[in-house]
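**Q** From first to last, the protein sequence lines are chains A and B.
Position one of the first sequence corresponds to residue 297 (this note's numbering), numbered consecutively onward.
Position one of the second sequence corresponds to residue 937 (this note's numbering), numbered consecutively onward.
Please keep in mind that the hints were generated in silico from the structure rather than gathered at the bench.
Note that the coordinates shown come from a computational prediction; the quantities given were computed from them, not determined experimentally.
It is possible that some hints are incorrect.
Sample of chain B residues facing chain A (criterion: CB under 7 Å; computed from the structure) [unchecked claim]:
id	residue
1	Gly-950
2	Phe-955
3	Lys-973
4	Leu-979
5	Gly-997
6	Met-1002
7	Tyr-1007
8	Pro-1010
9	Pro-1036
10	Lys-1040
Just so you know, even glycine gets a beta-carbon here, dropped at the ideal spot from N, CA and C.
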Amino acid sequence: MRYKSQKLAYWFFALSMLLLTLQIIYGFIMAFAHLGYDGLHAITPFNTARAVHTNLLVVWLLSGFMGAAYYIIPEEAEHEMVSVKLGFVQLISLAVVGVIAIIGYHFNYWEGRKFLEIPRPLDYLVVVNVLTFLGLILATLYKGKKRTTTSLVLTMGLVFAALLYLPGMIWFDNQTMDSFFRWWVVHLWVEGVWELIMGGILAFLLIKITGVDREVIEKWLYVIVGLTFISGVLGTGHHYYYIGTPKYWLIIGGIFSAMEPLAFLGMALFAIAMYRKGEKKHPNKIALSWTLGTAIVSFVGAGLLGLAHTLPQVNMYTHGTLVTAMHGHLAFWGAYGMIVLAIISYTLPNMTGRKLYDSNTGVLAFWLSNIGMLGMTVAFGVAGVAQVYLERKMGLDFGDVQKEIQVHFLILIICATMFTTGIGLFIYEFIRYGLPTDEALESSN
Amino acid sequence: MLSKSQARLFFFGGTIVTFVIFIGLSWHSLSVEVPKKTHEENLTEQVIRGKVIWEENNCMGCHSIMGEGAYYAPELTKVVERRGEGYMKAVLMSKTPWSPRGRKMVAYGFSEEKANDLVAFFTWIGNTDLNGFPPKPDYKSTINSK
Chain A
297 MRYKSQKLAY
307 WFFALSMLLL
317 TLQIIYGFIM
327 AFAHLGYDGL
337 HAITPFNTAR
347 AVHTNLLVVW
357 LLSGFMGAAY
367 YIIPEEAEHE
377 MVSVKLGFVQ
387 LISLAVVGVI
397 AIIGYHFNYW
407 EGRKFLEIPR
417 PLDYLVVVNV
427 LTFLGLILAT
437 LYKGKKRTTT
447 SLVLTMGLVF
457 AALLYLPGMI
467 WFDNQTMDSF
477 FRWWVVHLWV
487 EGVWELIMGG
497 ILAFLLIKIT
507 GVDREVIEKW
517 LYVIVGLTFI
527 SGVLGTGHHY
537 YYIGTPKYWL
547 IIGGIFSAME
557 PLAFLGMALF
567 AIAMYRKGEK
577 KHPNKIALSW
587 TLGTAIVSFV
597 GAGLLGLAHT
607 LPQVNMYTHG
617 TLVTAMHGHL
627 AFWGAYGMIV
637 LAIISYTLPN
647 MTGRKLYDSN
657 TGVLAFWLSN
667 IGMLGMTVAF
677 GVAGVAQVYL
687 ERKMGLDFGD
697 VQKEIQVHFL
707 ILIICATMFT
717 TGIGLFIYEF
727 IRYGLPTDEA
737 LESSN
Chain B
937 MLSKSQARLF
947 FFGGTIVTFV
957 IFIGLSWHSL
967 SVEVPKKTHE
977 ENLTEQVIRG
987 KVIWEENNCM
997 GCHSIMGEGA
1007 YYAPELTKVV
1017 ERRGEGYMKA
1027 VLMSKTPWSP
1037 RGRKMVAYGF
1047 SEEKANDLVA
1057 FFTWIGNTDL
1067 NGFPPKPDYK
1077 STINSK
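The shape of chain A in the complex, shown without the other chains (with noise of 0.2 Å):
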């Protein structure tokens, strides 16, 4: 750590552990109801769980990013954050509209969008969170002595993060309509902008922790964003098959869909690539096997689980099945859930002066998260294959289909007992690294 300011970074990712936690707890209330044990539903009926879970994710990921970016940032420009008190305010106020919104969900206080269901009055205090956010992070960068292209792609990523959530706050009659600029927000971030986020996390960690030169990780990480945009923005097309669009987005939507998984082949290779030029063996090897993890796991489970349905002849009939959620769980884990981990990972002991990276907790943390989430991922895999041939191809009922189903959420439930522990582990390591300090600084890279 360099700057003081870094340590901003921490208290963001202690908010990130926290809502991880959470967010699996709900994950676990329904796995269990799918198994037709819902003894909670009269206090978290299913869609109360699902809202929670996936907005719990969206805020513990988004909390990464801003603890990346605050480390990060002042590192890359060569100047400390210009103001760290305002930091911890838009720390704390990111907070408090979290748990206005989950409480909210439980008294039926929400918009009902997929993704998206943070009530309207909330999204105005997100837009100011954000605003100030973007506010310190751009004045850090015009104030500093440098502008790289690693801080830049995150600052881009950022910027278009906040602007694209502005299209899902606007009110639609049309159902389709409203689908269609849901589909700006969830789809162009995830499949967009995130990306470019985490291809800047990814070059940081990439050059700290390899030591290859930074023009020629650069270079790469334009090639790699640019692949992401190609076939990201067009790749929209293909949450516009079946809503009521227009057919010429089966074909584009197919083709342009079917190349993103080529973004995440170049991360994965290039993260390779990067680890065996590199001379400089960093003593840090959890950082390196989440850095190397997220992007191998990304491109297994954002770009082939994607390819694999993205087809529209084969989305038709796996649109709306637990296929979806097979795809859903890898992805994001290995994209985005690895990332915040492996720049966790790089930073504590930068920030704490606690260099505990030899403990095996902190490798079993890695292999149990990622064994047991690759577990869900084929019994939702399973479970949603045998849904879409009983249901979508010999016509079933549905009620009769989820029965025939069930007994993978039992399989569900062991596997995310063990990504759980892992998660368990990592953060039982984080508390134990203790907080951050100013004696750290200089003392590592």
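Given chain A's structure and the hints, the job is docking chain B onto it.
**A** The following block gives chain B in isolation, referenced to the frame of chain A:
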């Protein structure tokens, strides 16, 4: 070998070109095609009230329409065709959780007026042209058939 400035050009150029095409197609879809395919002329006050109820209660948190939503409860795009108005109203107005095969729905206990609004909304959804979604089951038995 590719230089950094060429890579930058690839990123900005590619992004701008695809984005312009995307905006153009979106504009065409929304202004010309969507109103036709969704029969916008049938979007009555009642249908819109139904949409508001659909959103206020986060029905998408369990069900899906147009294939979008959650996977805990049935797809509802063609629910009017599949179940009929009477069945739907019984579910919507039920004061105890409707629980076919043990899986519970929240007991909303809607008034008849609100139930009618929702039925109107689903009727409108059911008549939109979704390019063939949801697919018709096409399995033909090959065993024991003569």
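**Q** Each hint should be assessed against the structure and marked as holding or not.
**A** Against the structure, the hints come out as follows:
no., hint, result
1, Gly-950, "4 Å, holds"
2, Phe-955, "5 Å, holds"
3, Lys-973, "5 Å, holds"
4, Leu-979, "6 Å, holds"
5, Gly-997, "3 Å, holds"
6, Met-1002, "4 Å, holds"
7, Tyr-1007, "5 Å, holds"
8, Pro-1010, "4 Å, holds"
9, Pro-1036, "5 Å, holds"
10, Lys-1040, "5 Å, holds"
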